[in-house]
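Peer 1: One-letter residues, chain by chain:
Protein chains: 2
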Amino acid sequence: MNDFLSLAKQRQSDRAFDPDRSVEPEKIERILQAACIAPSACNAQPWHFIVVDNPELKNQIADATSNRLLGINHFTKQAPLHIIIVEEKANLSSGFGTWAKNKHFPHLDIGIAAAHLVLAAEDEGLGSCIIGWFDENKIRQLLNIPSGKRILLDIVIGYSTQNDRSKKRKKTDEVISYNGY
Amino acid sequence: MNDFLSLAKQRQSDRAFDPDRSVEPEKIERILQAACIAPSACNAQPWHFIVVDNPELKNQIADATSNRLLGINHFTKQAPLHIIIVEEKANLSSGFGTWAKNKHFPHLDIGIAAAHLVLAAEDEGLGSCIIGWFDENKIRQLLNIPSGKRILLDIVIGYSTQNDRSKKRKKTDEVISYNGY
Numbered sequence: 010m011n012d013f014l015s016l017a018k019q020r021q022s023d024r025a026f027d028p029d030r031s032v033e034p035e036k037i038e039r040i041l042q043a044a045c046i047a048p049s050a051c052n053a054q055p056w057h058f059i060v061v062d063n064p065e066l067k068n069q070i071a072d073a074t075s076n077r078l079l080g081i082n083h084f085t086k087q088a089p090l091h092i093i094i095v096e097e098k099a100n101l102s103s104g105f106g107t108w109a110k111n112k113h114f115p116h117l118d119i120g121i122a123a124a125h126l127v128l129a130a131e132d133e134g135l136g137s138c139i140i141g142w143f144d145e146n147k148i149r150q151l152l153n154i155p156s157g158k159r160i161l162l163d164i165v166i167g168y169s170t171q172n173d174r175s176k177k178r179k180k181t182d183e184v185i186s187y188n189g190y
Numbered sequence: 010m011n012d013f014l015s016l017a018k019q020r021q022s023d024r025a026f027d028p029d030r031s032v033e034p035e036k037i038e039r040i041l042q043a044a045c046i047a048p049s050a051c052n053a054q055p056w057h058f059i060v061v062d063n064p065e066l067k068n069q070i071a072d073a074t075s076n077r078l079l080g081i082n083h084f085t086k087q088a089p090l091h092i093i094i095v096e097e098k099a100n101l102s103s104g105f106g107t108w109a110k111n112k113h114f115p116h117l118d119i120g121i122a123a124a125h126l127v128l129a130a131e132d133e134g135l136g137s138c139i140i141g142w143f144d145e146n147k148i149r150q151l152l153n154i155p156s157g158k159r160i161l162l163d164i165v166i167g168y169s170t171q172n173d174r175s176k177k178r179k180k181t182d183e184v185i186s187y188n189g190y
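These protein sequences, in sequence, are chains H and F. Position in the first sequence (from 1) plus 9 gives the number in our numbering. Position in the second sequence (from 1) plus 9 gives the number in our numbering.
Excised from the complex, chain H in its bound form (with noise of 0.2 Å):
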């Protein structure tokens, strides 16, 4: 990549991937390095990911993703990886923070490590989506996760087939101000 700007500007909401190529193990261990290399609050690091690559149970989880009532996520079925970030409890200090201004850091936290993560792939030439919407229970199911753990993300991956598109974005006069709101 030439700048970060430029990779950011390039990264997208991939909705389309080539099914029959999966993700080189050593592109895997390199996203997940960026991920936990993530800054945060306290240093809590309130987070476990979890890979998921073995093809029937990634199916599954791309079932737990899509919701035909809503008509949403189908594409996720084509992706060879899912990476799902778990909420790990906080440290004193940040779950301090949380309770005393009201905040909660880790939900900024995990936001950060996924923007890391996404980057990281698409600086690898994969392409990525963030899904916030699927079926918690499911997917706590079928990767055993501990009840009362929220499962916040799941970070779909893959070769992507789908074309550069320009992004819609506010005007900048609407989203920034300088020396007063």
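Among the clues, some could well be false.
Any copy, or any two copies together, can satisfy a pair, since identical chains are not distinguished.
Stated by the list, open to error - Derived lysine-lysine pairs resembling BS3-like cross-links, with alpha carbons at most 30 Å apart:
#1 K158 with K110
#2 K147 with K180
#3 K176 with K98
#4 K158 with K98
#5 K36 with K176
#6 K98 with K110
#7 K176 with K158
#8 K86 with K176
#9 K177 with K110
#10 K18 with K147
#11 K18 with K98
#12 K36 with K98
#13 K147 with K177
Bear in mind the hints are in silico, worked out from the structure with no lab data behind them.
Assemble chain F onto chain H, guided by the hints.
Peer 2: Positioned in the frame of chain H, the structure of chain F alone reads:
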């Protein structure tokens, strides 16, 4: 930068800055572009970025982040630039997801945008620190942020005077597993 993983490894939370060296406007603009291009649930973009570079005002913001009792964040006054992230109301579909899945998507979204922001800063040769602990009401007052809007993060940016240090992270097998928890 050579590759994303190197950039992610290189970036650290910097807590010492050259107070006499301001950040070039074109760098600020590229950093904001990288933040605005971040993905978000249902493309809600539930954020507003306030750039604070006015010398007097940024010192007042810095005061609102430091806490004498806890002895934290005194370094923030050295930084020439603060970018405050205010949470905006998400769109209908993201709001529905937050309600239906009991997951606060705007926190995840703002985590992703914050990651873009600090990684872009790193790529510009700048240091940064993500601050979540501050006197929210004081900052709201200083920047005329409407009451009711939450101020999630203050990202402190400047030319770092801190040495690189190695990162402490949990062991890999503690946070990563394959095809099951």
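Peer 1: Work down the list of hints and note, for each, if the structure agrees.
Peer 2: Structure-based check of each hint:
1. K158 with K110: both (22 Å within a copy, 14 Å between copies)
2. K147 with K180: between (39 Å within a copy, 28 Å between copies)
3. K176 with K98: between (35 Å within a copy, 20 Å between copies)
4. K158 with K98: both (9 Å within a copy, 27 Å between copies)
5. K36 with K176: Intra 26 Å, inter 21 Å, cutoff 30 Å: intra and inter.
6. K98 with K110: both (17 Å within a copy, 19 Å between copies)
7. K176 with K158: between (34 Å within a copy, 27 Å between copies)
8. K86 with K176: within (24 Å within a copy, 36 Å between copies)
9. K177 with K110: between (33 Å within a copy, 25 Å between copies)
10. K18 with K147: Answer is neither; intra-copy 34 Å and inter-copy 35 Å both fail.
11. K18 with K98: between (33 Å within a copy, 24 Å between copies)
12. K36 with K98: Intra 28 Å, inter 37 Å, cutoff 30 Å: intra-copy only.
13. K147 with K177: neither (33 Å within a copy, 34 Å between copies)
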